[in-house]
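J.: Sequence:
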Amino acid sequence: MDKYARTLLIINGKGANNEALRNAVVLLRKEGWKIDVRVTWEQGDAQRYVDEALALEASTLVAGGGDGTINEVATALAAQPADKRPVLAILPLGTANDFATSAGIPFEMEKALRLALVGKTYTIDLASVNKSRYFINMATGGFGTRITTETPEKLKSALGAVSYFIHGLMRMDTLKADKCTIIGPDFKWQGEALAIGIGNGRQAGGGQRLCPDALVNDNLLALSIVTAQEMVPTLLNAIFGGDDDNPNITRASLPWLEIHAPHKMTFNLDGEPLTGTDFRIEIIPDAIKCRLPPDCPLLA
173 MDKYARTLLI INGKGANNEA LRNAVVLLRK EGWKIDVRVT WEQGDAQRYV DEALALEAST
233 LVAGGGDGTI NEVATALAAQ PADKRPVLAI LPLGTANDFA TSAGIPFEME KALRLALVGK
293 TYTIDLASVN KSRYFINMAT GGFGTRITTE TPEKLKSALG AVSYFIHGLM RMDTLKADKC
353 TIIGPDFKWQ GEALAIGIGN GRQAGGGQRL CPDALVNDNL LALSIVTAQE MVPTLLNAIF
413 GGDDDNPNIT RASLPWLEIH APHKMTFNLD GEPLTGTDFR IEIIPDAIKC RLPPDCPLLA
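If you're matching positions, the sequence shown starts at 173 in our numbering and goes up one per residue.
There may be inaccurate statements among the hints.
As the list claims (entries may be wrong) - As a list, the in silico DSS-like pairs of lysine-lysine whose alpha-carbon atoms are at most 25 Å apart: (1) K303 with K461; (2) K186 with K283; (3) K461 with K206; (4) K360 with K303; (5) K186 with K206.
What the hints assert, rightly or not - Quick list of the computed label-pair ranges, beta carbon to beta carbon: (6) E224 with R201: 11 to 21 Å; (7) Q215 with T449: 21 to 31 Å; (8) I355 with N391: 17 to 27 Å; (9) E203 with G276: 20 to 30 Å; (10) D223 with P357: 33 to 43 Å; (11) E229 with K292: 18 to 28 Å; (12) I355 with V198: 47 to 57 Å; (13) K436 with D208: 36 to 46 Å; (14) D450 with N418: 21 to 31 Å.
Simulated from the structure, these hints should not be mistaken for lab results. On a predicted model such as this, the values are computed, not experimentally measured, just so you know. A virtual CB, placed ideally from N, CA and C, is assigned to each residue, including glycine.
Put together the whole structure using the sequences plus the hints.
T.: This is the structure we're talking about:
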């Protein structure tokens, strides 16, 4: 990338005081990189800054935050004309940083920012839910979703990703499955699901590797269903791995799927909840361009 091309860095307000990031921006500016910084304060700011990036003809748009921030920026990018979209890059500044972790994005700010500026560009997929909502990493439903939604902010601030697991242990008394039907091309499953993961990325909720084989550029969704049988050991296996041969986990790779439930279910789309009884989730092939490490595990 030409260092004199413009880069717009969108930082979630919670990470604006990161000293390592400030130092990295100052250093790279001294090297000649043209970096503009914007900080989000409320819902809709990411969309406004993406619009500004297009007006400024920025070649790179860096999302600095967690999965929710990346989701907002990626969703806003996907709505723009393909020939005008800046390349998306990522700085992991959130609590869990599940997508960045799965993708192998460096957590050291200078390395992450240099990757954002000079890394190789890859075309990746997004996923849509009911043609109105989107996710770049994962949609999760079931007990794990309730835990990530309910975990107190103070606990997340103090302990980071491990807070989800601790809060989950505290809420084991509420553990229950969701009855639903899931259909897709040559696929049908019906039963009680403890957890459902529909992945473009591989993990959610602070490290739950629900979709260990997901890829961001294969034009497919990775589906994992953790059943209600032997709930506690199955959940622990799903979180910590070692579940490849677990009979209580059903997996599939599908371009689309539908979920129908007799009661309301809540899905967490990169950190944002969506509640309903019927969901259609579809992959959007080759939706945006993203700078990723050359050895990124999410690439086919």
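J.: All hints are to be evaluated individually against the structure, with a verdict given for each.
T.: Results of checking the hints against the structure:
1. K303 with K461: Measuring from Cα to Cα gives roughly 21 Å; hence the hint holds.
2. K186 with K283: The given pair, whose Cα atoms are some 21 Å apart, holds under the 25 Å limit.
3. K461 with K206: At roughly 20 Å apart (the allowed maximum being 25 Å), K206 and K461 satisfy the hint.
4. K360 with K303: holds (22 Å)
5. K186 with K206: Holds. K186 to K206 sits at ~23 Å (cutoff 25 Å).
6. E224 with R201: 11 to 21 Å: Hint holds: Cβ distance 19 Å, inside 11 to 21 Å.
7. Q215 with T449: 21 to 31 Å: Roughly 25 Å apart at Cβ, these two residues keep to the hinted range, so it holds.
8. I355 with N391: 17 to 27 Å: Holds, since I355 and N391 (Cβ atoms, about 19 Å apart) stay within the stated range.
9. E203 with G276: 20 to 30 Å: At 24 Å between Cβs, range holds.
10. D223 with P357: 33 to 43 Å: holds (36 Å)
11. E229 with K292: 18 to 28 Å: holds (22 Å)
12. I355 with V198: 47 to 57 Å: holds (53 Å)
13. K436 with D208: 36 to 46 Å: With Cβ atoms ~42 Å apart, the hint holds.
14. D450 with N418: 21 to 31 Å: Taking Cβ atoms as reference, D450 and N418 lie about 28 Å apart, which means the hint holds.
Comparing the model with each numbered hint stated earlier shows that all of them hold.
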